[in-house]
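**Student:** Protein chains in written order, with our numbering: chain A, 707 to 1011; chain B, 321 to 624.
Honestly, the hints are just simulated from the structure, not real lab data. By construction, the Cβ of each residue, glycine as well, lies at the ideal position given by its N, Cα and C atoms. One should not assume that every hint holds.
Stretch by stretch, here's where chain B covers chain A in the computed footprint (C-beta under 8 Å, at least three residues) [as the list claims (entries may be wrong)]:
1. 719-731
2. 754-766
3. 929-936
4. 956-969
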Amino acid sequence: MDFFFNLFSDPVGFWNSHTLLISQIGINGIIATSMFLVLYSGQLSLAAPGFMAVGAYTSVLMELYWHTPFAVNIAAGTLLAALGGLLVGLPVLRLRGVFLAIATIGFIEALRLGVILNVPITGEGLGLKHAADPLGGVPIILVSLVVTVFLVWRLTKGRLGSAWSAIRQDEIAALSQGINVAQYKMIAFVFSALLAGYGGALEAHLTFIVAPGDEQYGVTRAVQILTFAVLGGSGFVLGPLAGALIVTLLPYIFLQAGPYINVFSGIFLIAVIVFRPQGIVGRGGLAIVRPAWWPRARARAPSPG
Amino acid sequence: MDQQIVNAIFIGSIYALFAVGYTLVFGILDILNLAHSAVFMLGAALTYSLVVNHGQPFAVACILGIAASAFMGLVIEYVCLRPLRRRQAPPIAALISTIGLALVIVAAIEQGTSSSIFSWLWVDGANSVAFPAGTVPNPIWHIGDLTLEASKVAIIPITIALMLVLGYVMRYTQVGRGLRAVAENPRAARLMGLDVDRMISLTLVISSALGGLAGIMFGVALGDISPYIGRDNVEVRGLAVIVLGGMGSIPGAVIGGYLLGVVEVLTLVTLGSGASGGVAFAALFLMLVLRPQGLFGTRLRERI
């Protein structure tokens, strides 16, 4: 519990000694917001790690070969990821539900195992080392996070958001109301790719290396990002953010468990999702259901009259 | 090359057996049970542990391993799925709860060292181990250029026999009719007097027992048992297999398993080991884009 104790007793010292953790939370928050966008429009897409890889590798390669300024690299990575979103979205957005999820898993693993591991310019399995860490520290990430969340929140409140909401609740009804479902889904998918690319490009500059690990750009990461959104609740933009915060902090929450940390993390995940199926942020209390062996509550006497 | 094709068929059988469990649950519940790969690993790890650390004969260990896997199916149902059904949770929630359970199972095995509280379960931590030679009688036959190990050859008849039995049960018995009724429409099935919860428990028990058996076969034939065999070898490939064959289709999963085995080996031979992983996923992606109902699926299920 030292970790949380320090947070309150010595916030400045905490800030200085956990820069990497705070940055990681910020980046996971951006990625979680990207996941929120697709879920909010009713698409179970797990493509985020693929677009993160696009953003990360583009920005690092530009830095290594063209020595362009940091902001240009990030912008290029972000835009290329959005373009990737458009290209991937064209074929896959006809799919729904779990089919979309599996198709996007196919995409991210084909990109990681097929392309990144086989094209020499990406450093293959070893990854790319880049010299400097031009990231102005945590502030850039946190400001980006706040701006991202605010923008996405505004989007969900506007015309786009209403359309997405309608599509999520009932696609056929939305279609019959004259909403161009394909177009609005594509907009959400491309925005989501853009944010993932941005988060990926920033993340590549957290450390001095980008490497194509499974927990970085593979299925494991995709599942983690999905967990952010579902655990936090995907009905409101702050939900995935809360999910990202909690999941990133899980190792600290269960610090006492030592080596059994993943056992407790798993139990925690199950407990949260069982008692709060709609996610942590959202309407309603704990979903407690009377087990079969628990005595029925006594019926109240009917009111007179 | 011939040898490679034979290997493809061996590994394809394991994929098929694993994927049938996946597809059975998906077909009946419309839920992807992501703890299935952890059950696969648990079956292999527990059987190994019973043979090596507890000195049981292989046959006993196998039966106990499969029984433990089947029991895990009940755990999945009672811990991860039934509470969510009671609360009318969105299907995506079941994805997360089964991921949580998989995390717990893998972490428990991973931490199993001789001094930990899981030492009765597993003592090799994160290491990869193999059954000591001689555990399973394993004569090696040479036919032409082919080298056939009995432990691998045995996989094929076992897989096919189990699939035939499963196919028969699903099609011609009272239980199978009940399961198919639940798959078609749980509410109508309940109104017809079926105990839906019991049918779902049964589905998970069958599915997990098959998963555990697939894990044991993997461990025996490939000599690789570690906490990560489920995650690294079959988790995503299982998805690919059920998509290739058509989600929810049992014959589809079997054919899909062999197909994936062959595709992987062919790309390995023609393009080298680097590309083989990527090609399988690219095939998965293309399949979904071009024919999302799979090779044998008849209709698209819309819910997850």
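**Student:** Each hint needs a verdict: does it hold in this structure or not?
**Tutor:** Consistency of the hints with the structure:
no.: 1; hint: 719-731; verdict: violated (count 0)
no.: 2; hint: 754-766; verdict: violated (count 0)
no.: 3; hint: 929-936; verdict: holds (count 4)
no.: 4; hint: 956-969; verdict: holds (count 5)
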